[in-house]
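With the hints as extra help, turn the sequences into a complete structure.
Chains X and F, in that order, are what the protein sequence lines are.
Positions 889 to 1020 (our numbering) are the ones given, in order, by the first sequence.
Positions 22 to 409 (our numbering) are the ones given, in order, by the second sequence.
Honestly, the hints are just simulated from the structure, not real lab data.
Don't be surprised by glycine CBs; every beta carbon is placed ideally from N, CA and C.
Warning: the hint list may mix true and false statements.
[To be verified] Among chain F residues calculated to face chain X with C-beta under 8 Å, some are:
#1 THR172
#2 SER184
#3 ASN370
#4 ASP374
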Amino acid sequence: MAKKIKIIVAKPGLDGHDRGAKLLARIFAEEGMEVVYTGLRQTPEMIVAAAEQEDADVVGLSSLSGVHNYFFPKVVELLKSKGLNDVLVVGGGIIPIEDYDFLQKSGVKAIFGPGTPTMDIVSFIKSNVRAR
Amino acid sequence: MERPDAPYCESPAIRTLSIYDEVGDSADSTCEIGYSHLELLPRMLSAREPVLLSVVVERTSGLMNRDYAKQILEGSQQAVARLISWLEDEDERAYPFMEELYPHTGKAYILGITGSPGAGKSTLTDKLIRNIRKSGLTVGIVAVDPSSPFTGGALLGDRIRMSEHSTDPDVYIRSMATRGFLGGMAKATCDVVKVLDAFGKDVIIIETVGVGQDEVDVVGLADTTCVVLVPGLGDVIQSMKAGIMEIADLYVVNKADREGADQLNMEVSARIEQDTHIKMSGWTPTVHKTVAVDNVGIKELWEAILKHKDFLESSGRLVEKRRNQTYQETLRMIHNEMFRLIRDQLQENGRLDRLVEEILERRRDPYSTMREILDEWQFFTPKQKEAS
Ligand SMILES: Nc1nc2c(ncn2[C@@H]2O[C@H](COP(=O)(O)OP(=O)(O)O)[C@@H](O)[C@H]2O)c(=O)[nH]1
Ligand SMILES: [Mg+2]
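This is the structure we're talking about:
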């Protein structure tokens, strides 16, 4: 049986829009990945618990409400604290360019702003995902 | 060098590293060395003596053979998670651990929840978990959604409804895609249930869409099967066609806040009443109205499930059911493996293609071809051979 990339798409924070995240989830599924969509208003703890139970290879975080500087590094940190160091964390949504550096230093492997061609996201994931 | 699994860095390789770093020190001294150090390992090694290098490499490959079974029995979620992935991939590494885990299975109570997409199965499962947790029991959930037949991918959305329980250490939720398997199940679903069973979950809930005619559907796996219906979908007629009405131990009329719930309730009850005249059975299915989103009727539903469990246990049906399941499963496993072996061998040297061509050109027929191949595999006893 062919291995599948398993990806969690999560929407940390309190804003109530997840159209973008849902769209991405669908795109990943179209690309042959198994996508676990966790829904709105996820805490970092919930996201990491889901990643652990689902044995996720990738965690995709989406934020529109400006909470990324807190939530994204927190997810990375919690993953690390559980020993899940090889889970690829990527982010997207509305994130000011000046935050990219900080986020990448804190372990978010890539940030995809609005308008990033979805194929770029997909190919980044495919070439950076772990083996299991 | 192969990378060990990240979560388990503090095992043999690390110890080896410390032995190595402190050459001459006692062999069981350990120190905290993180994953990133492992990447440096080759460079560190190259500076040292070849003898030590071989020691380290050997120990490191020992890391690949972590004892997942032991860790699962000790409560490691990550070991459970990885073993399940391997089972889904049909990765050979999984099976030795399954052999070890098997003696620890058979304790969980297995509940199947099935029904059309959107019927409210996940919402219902979420509320059932809440009830089950209140009674102090632990829960495992296997939520199966279909894979796309076109892309092989899947959108698994059942966790959305179960967020409340995602950080409860006594609840383990796993989403699964069917990966082309029929009957609303994934091929590995029964293996995954066993892992969660051995992991010590008291109740395991399998959520699946619909029910196939396959013997490998949720009915063949669950002790109690709940069929979820909703008013206004013409569900009953559809379900009767699909054979769903035969498989339910309990019916749930969900979305009872909607118009038509009473009507549906009556139709289902009438159908059950009819069935009691046709079939003799110790158990008459019960019908339960719920509003899953508002947690209405769930407590009663859980009590009804427990009643069915009591019935199965006191009547000896549970043992009978599981004997039947084991019988089917054992046969199925042998069947699958034999098929795989023969297929792989036939495909290996292009022989199957040649056979197909010959059959197409009518230089052969598929019947004798099949017999010929089976003969090679010595499936026939000498006696049968003589007879044929
Ligand atoms: N009105 C109403 N909606 C419900 C009820 N139970 C679930 N839903 C909604 O039905 C939709 C599908 O529910 P979900 O649990 O995902 O269904 P599943 O596909 O069977 O797992 C969601 O929007 C739920 O909020 C109910 O009792 N009443
Ligand atoms: Mg569902």
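Hint-by-hint comparison with the structure:
{"no.": "1", "hint": "THR172", "verdict": "5 Å, holds"}
{"no.": "2", "hint": "SER184", "verdict": "6 Å, holds"}
{"no.": "3", "hint": "ASN370", "verdict": "23 Å, violated"}
{"no.": "4", "hint": "ASP374", "verdict": "22 Å, violated"}
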